[in-house]
Amino acid sequence: MAELVSHPDEIKVVTRRFGMGATNIDRYLELDGYKAVQKALAMPPDDVINLVKNSGLRGRGGAGFNTGMKWSFVPKQSPKPKYVLCNGDESEPGTCKDRLIFEHDPHSVIEGVMIAAIAVQSHAGYIYIRGEYRYLSVIMQKALQDAYARGFLGKNIFGSGYDLDIYWHGGAGAYEVGEESALMESLEGKRGIPRIRPPFPAVVGLWGGPTVINNAETLASVPHIILGGAEWYASLGTPKNGGTRLFCLSGHLNRPGVYELPMGYNLKKMIYEVGGGIPNGRSLKAVVPGGSSTPALKPEEIDVAMDFDALMKAGSMLGSGGVVVLDDTTCMVKFALRTIKFYQHESCGWCIPCREGTDWLKKTLTRFHQGAGLMKDIDNIQYLSENMLGRTFCPLGDAAAMPTIAFVKKWRKEFEDHLEGRPCPFEKEGAIEQLPVLSH
Amino acid sequence: MPDVNITVDGKKVTAPAGTLLIEACKSVGIEVPSFCYYPNLSLQGACRMCLVKIEKMPKLQTACTTVIGEGMIVTTDSDEIRQARKGMVELLLGNHPLDCPVCDAGGECELQDMTFSYGAAESKYIEPKNHRDEQQWSPVVYFDRPRCILCYRCVRVCGEAMDVWALGVQNRGVSSIIAPNKEDHLECEECGMCIDICPVGALTSGAYRYKTRPWEMKHVGTTCTHCADGCKTTLGVRRADAGMEIVRGDNRDKSGINNDFLCIKGRYAFDFAENPERIMTPLIRRDGRLTPATWEEAFALIGRTFREIVDTHGGSAIGVVGSNRITNEEAYLLQKFARVVLDTNNIDHHRTADFPAFAAALSGKPGLTASMRDVYNAAAMLLIGNDPTNRHPLLAYQIRNNVRLHRAKLHIVNSQEIKLRRQATSFAAIPAGGENVLAAFLAGDDAQAESLASGGMNRDAWLSWRDKLHAEPNLVVIFGSEVHGQGISALVKFAAALQGAKLICLGDYANSRGAADMGLYPDLLPGYLPIGDPGKFHEEWSAMPTAQGLDLRGMVQSAQARNLRALYVVGANPIGRFEIDPYVFSDSFVVVQEMFLTETAAIADVVLPAANAYEKAGTFTNTCGDLQQVKKAGDKTETKSDFEMIVRIADAMGFDIRHLVPFGRGVRADMGQSRGAQSGEADRHAVWLQANNLEPKLSPFDPMAILDEIQRLVPGYDVSRINLLAGNDEHTRLSACGPGAMHDPELIVPADDTLFTSGTLGRYSKTLNSVIENRQVPESEVAAD
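One line per chain: the protein sequences are P and B, in this order.
Under the working numbering, the final residue of the first sequence carries the number 440; numbering is consecutive throughout.
Under the working numbering, the final residue of the second sequence carries the number 785; numbering is consecutive throughout.
Everything labelled a hint here was simulated from the structure, so no lab data went into it.
Keep in mind that a hint or two might mislead.
Here are the simulated BS3-like pairs of lysine-lysine, each with C-alpha atoms no more than 25 Å apart in a straight line [said to hold, decoys possible]:
#  : chain 1 : residue 1 : chain 2 : residue 2
1  : P       : LYS376    : B       : LYS124
2  : B       : LYS86     : P       : LYS363
3  : B       : LYS124    : P       : LYS410
4  : P       : LYS376    : P       : LYS410
5  : P       : LYS363    : B       : LYS124
6  : B       : LYS182    : P       : LYS190
7  : B       : LYS59     : B       : LYS11
8  : B       : LYS409    : P       : LYS80
9  : P       : LYS341    : B       : LYS129
10 : P       : LYS341    : B       : LYS124
11 : P       : LYS298    : P       : LYS269
12 : P       : LYS313    : B       : LYS59
13 : P       : LYS376    : B       : LYS86
14 : P       : LYS53     : P       : LYS35
15 : P       : LYS12     : P       : LYS240
16 : B       : LYS56     : P       : LYS313
17 : B       : LYS124    : P       : LYS413
18 : B       : LYS124    : P       : LYS409
19 : B       : LYS59     : P       : LYS409
20 : B       : LYS124    : P       : LYS334
21 : B       : LYS129    : P       : LYS334
22 : B       : LYS129    : P       : LYS376
23 : P       : LYS298    : P       : LYS409
24 : P       : LYS334    : P       : LYS363
25 : P       : LYS409    : B       : LYS86
Rough simulated footprint, nothing fancy, chain B against chain P, three-plus residues with beta-carbon under 8 Å [unchecked claim]:
#  : segment
26 : 335 to 346
27 : 358 to 370
28 : 390 to 396
Note that CB positions come from ideal geometry on N, CA and C, so glycine has one too.
Construct the entire structure; sequences and hints are all you get.
Laid out in structure tokens, this is it:
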């Protein structure tokens, strides 16, 4: 189990049961477990949806869409079964929050799925867990078994007459499947490739049925909202950005870890107070505010509230809450290369710009970092990324293009320092293989 | 569907609701480029070439996945859009090998065209390209991954349109690769649809690759010579030592009844023409051995001998066997030759379906036959017997895609679990041979329900199944040769009682229907008129025998009794097909017009090397009755068309051939015989003659003269000549024909070809014999027509 961290500024909502043995169903019940779902069962479904809508809860996967609003799009009457999916394909580099939820509080995810199912009157839910999180599947399976054994799942749950089944499903190791429609394809046993939208999942989703799909953290927040009320939850964050959120602080920090902070928490404070600042007296060079797909911020840009709208204004995104801090010893070219390597590896290959674009970016950046870069490569990297931006089939292409454009624009000098056969200024002598300089 | 109004580049466009934006643009002549979009296949949105600007949308949108909405304002050309498209082409060319100078697709490549349109001439990358070696997936399918742009057209056409699902995608990202179903090779229907649909040169044809450049070929649109469906095929023809060589078959222009569909036979199996075993000189038996001879020697010998037999023993001492693969004009000419020149009604052919019974049942009931196009548009279909996937690939394609795209209903009755069952709304199993019983039941004989009851269907189930059929509007009833005689009458009675129902009778070879329609029967004249009918044929032809002649079985018996002095076989192999003891004909003078030394040609006294359907002009009638043009791809030196040979024999017999071919009458169109027409030009000579009020004269070997006579005399064939000669299909009317006849069902022997066999032609096709799937063909298979 990962070591837990804490800070006085934290407001523990989703994390309140962390480290308290809540994987045990009895312990979970002692800690107010499965009370929210019973409350939801007693409410008219529309009231559940309105409550979540009013709480200001926005999708924690990255896009930040109002959760209650999403649920309200599911048609009341449907000839096909409706489904609720929990997206636990957490794969964005820098993000490691869902992992902790599955590890410490799996029943809260199950309960969240149950409430979502009751709200949209669905009778089947799936908890999709990232392929690499195999060890968490074991915890989730046990939690589901226990819930079934108590009669919380299956026929006539809690004696309410409502039938609900929830299944877990493991991925095969693909970042792309974190995209909601690709996840459905994967769940149906097909290649993890996104679907053409519209139609949106709320109308035509899994197996063609209306489907609600939410991030694990989003769903784990729902039971607390049902019990605590919409107003209470909304008041925790900033306007239109209700509640708290799990921020995954990593990189060059004294106290990295996952912290639950209110929405709108100041980024600078997060780095220097919550995260304990940069170690070894070094200074800050860049911050990736919301997972590797969000454009990095320069030190002068970090005095910003961490909510969806404020970061958008700052030219970046809140994304999935993965805050990656880089100090002045970091080579931004290498960081750009590392980022694009990930996207090149994870591109599903469906559309031209993402498939070919990420590959050429990787090839060019590899050569560039090895010291064989040309001046025109710098413009070319930006040109390539701009040709991808907004033109790919799904957001993965944007996720690769956006940070790359920011790297080139904001740290152009570091790129220029790699030119003319000069070795990477941040690498020790001889640490990287030198390539002959190409002229073209 | 209500119409939706949109604005594209300032133009007002109105299209039915549900139309895709890319199609709406196309309807007003605005082309939006795309690689992955292909009409009637599932949408991909993968190539991103069709990005357009739609007002109120922040990003560019793909026109291929956007359904038009009222008031939409669309821009298809702007700097932003051109840059987006250029960017895509640049990315594609990045890993593309740029081997256009040696690529089969060079000159007909969509990537070349896009590059031409959007620039992207500058190479921005200096790293090595990703490479993978070329793979051979089957004798006919090669895959070159570096050229592939991953548009997934091949995957979709194979799965969705062909229902074969042999292609898929492996790996992800930049290492994604199209992969065959059996690890390193394909096991499929080898139709080659994937090759023709490939926008670039990634999938190439084993038959065509590296043979020519597209602009060096002449393209001749004609009708396929294999099965009875009558696909239009465009042959790519090059000059060669022996006159010409066909190097390619496709139907990329989607003209004709088959859209872009062709099966392995239509696409590759023209190669029998190049088989080294092909007979390229007349052969005369001397001292027991077939030895090369001149045409003059051969015609003189045949003429002399036939004349002698007719004069001494009468026409009844000669038997004539026609073919399912000769043109309508040749079949017509052959039976006219038999009746008028040889003075005999001893004429027959290998019958593969009971067309005379069909004609009899339809006589005087107009509008009850369906065309191949009707199958694609029918609201419901009933298929009795046959396995169209193997024996009628186009029909199967039409049925399948009608179900897929129009949600038509398909009801199948069969003794086998045929592949089309996958598309069926209902499938009823019956015991083999029970098809006629079923027909009687359909026509209202409830007593038959008991004998049909078996397996899952009891009497009540059959009755309710039939009620369901009665409620189907515009039902097309398709039946195989399992239904014959009274069974056909019953089916026609059933269909005639339904609103809008039509029928199709399935025969087996390219012109089986034509052979029947043209009267290759001992008792029926062209148009199924009884031989004794004192109609226009007697008037036109004057002297001809009126007694019924011998059928094939009768000819064998007559030969056994040493009464049949001569046998004249045109494009058929009765000895092989019916396993006749060759000794039977040891006293008969046997003349065979053939391409190969078949079992029948081997016993001949004279063998004449024949041209095949790709080397001559005329018309074919497919099994539905759709009349189509056969155009000549070119001449093969040292062969002659059956038409010419028949006329030459008549001439050698001293017959005045003006009574056989009315070429003196003249017609005002060119059938592709003149050199000008062969290279796609109008017949200038004819145009000049007409302009000067002179009548163009046809040569006596021009089938046009006979087509003229057919259209004049054969009921149901008076279709639009102009439309026919323009390369279109014209549905003939069987109902206008004569009263037909009821024949012994034992005379009907289906060809039983599979996708990979095709009678004699298949036996000599290198491609058909090379594909792995052909190994499943039983050894008992023999060459026939």
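We went through each hint and held it up to the structure:
1. At most 25 Å may separate the alpha-carbon atoms for a hinted pair to count; P:LYS376 and B:LYS124 meet this at roughly 9 Å.
2. Our distance criterion of 25 Å between C-alpha atoms is met by B:LYS86 and P:LYS363, whose separation comes to about 21 Å.
3. At roughly 23 Å between alpha-carbon atoms, B:LYS124 and P:LYS410 fall within 25 Å of each other, so this suggested pair holds.
4. Pair hint P:LYS376 plus P:LYS410 holds up; C-alpha atoms about 17 Å apart against a cutoff of 25 Å.
5. Under the criterion of a C-alpha separation no larger than 25 Å, the hint pairing P:LYS363 with B:LYS124 is consistent with the structure, at around 12 Å.
6. Our distance criterion of 25 Å between C-alpha atoms is met by B:LYS182 and P:LYS190, whose separation comes to about 19 Å.
7. Annotation: proposed proximity of B:LYS59 to B:LYS11 holds, straight-line Cα distance about 22 Å (limit 25 Å).
8. Only pairs whose Cα atoms come within 25 Å are accepted, and B:LYS409 paired with P:LYS80 is accepted, the gap being roughly 22 Å.
9. At most 25 Å may separate the alpha-carbon atoms for a hinted pair to count; P:LYS341 and B:LYS129 meet this at roughly 17 Å.
10. Among the hinted pairs, P:LYS341 with B:LYS124 is consistent with the structure: their alpha-carbon atoms are about 20 Å apart, no more than 25 Å.
11. Using a Cα cut-off of 25 Å, the hinted pair P:LYS298 and P:LYS269 holds, with the two alpha carbons roughly 15 Å apart.
12. Under the criterion of a C-alpha separation no larger than 25 Å, the hint pairing P:LYS313 with B:LYS59 is consistent with the structure, at around 19 Å.
13. As the CA atoms of P:LYS376 and B:LYS86 are separated by approximately 19 Å, the hinted pair is consistent with the 25 Å bound.
14. For the hint pairing P:LYS53 with P:LYS35, the CA-to-CA distance comes to about 20 Å; that is within 25 Å, so the pair holds.
15. Pair hint P:LYS12 plus P:LYS240 holds up; C-alpha atoms about 20 Å apart against a cutoff of 25 Å.
16. Under the criterion of a C-alpha separation no larger than 25 Å, the hint pairing B:LYS56 with P:LYS313 is consistent with the structure, at around 21 Å.
17. With a C-alpha separation of about 22 Å, the suggested pairing of B:LYS124 with P:LYS413 holds against the 25 Å cut-off.
18. About 20 Å separates the Cα atoms of B:LYS124 and P:LYS409, which keeps this hinted pair within 25 Å; it holds.
19. About 22 Å separates the Cα atoms of B:LYS59 and P:LYS409, which keeps this hinted pair within 25 Å; it holds.
20. With a C-alpha separation of about 21 Å, the suggested pair B:LYS124 and P:LYS334 falls inside the 25 Å cut-off, and the hint holds.
21. Between B:LYS129 and P:LYS334, the direct Cα distance comes to roughly 22 Å. Compliance with the 25 Å bound is thereby established for this hinted pair.
22. A distance of roughly 19 Å separates the Cα atoms of B:LYS129 and P:LYS376; the hinted pair therefore holds under the 25 Å criterion.
23. Between P:LYS298 and P:LYS409 the CA atoms are separated by roughly 11 Å; this keeps the pair inside 25 Å, and the hint holds.
24. For the proposed pair P:LYS334 and P:LYS363, the alpha carbon gap of about 13 Å is at most 25 Å, so the pair holds.
25. Restraint check for P:LYS409 and B:LYS86: satisfied, since their Cα atoms lie roughly 23 Å apart, inside the 25 Å limit.
26. With a cut-off of 8 Å between beta carbons, the segment 335 to 346 of chain P has 3 residues touching chain B; three or more are needed, and the interface restraint holds.
27. For the segment 358 to 370 of chain P, the assignment as covered by chain B holds, since 6 residues bring a beta-carbon within under 8 Å of that chain's beta-carbons and 3 suffice.
28. A stretch counts as covered by a chain when three or more of its residues have a beta carbon under 8 Å from one of that chain; for the segment 390 to 396 of chain P and chain B the count is 4, and the coverage holds.
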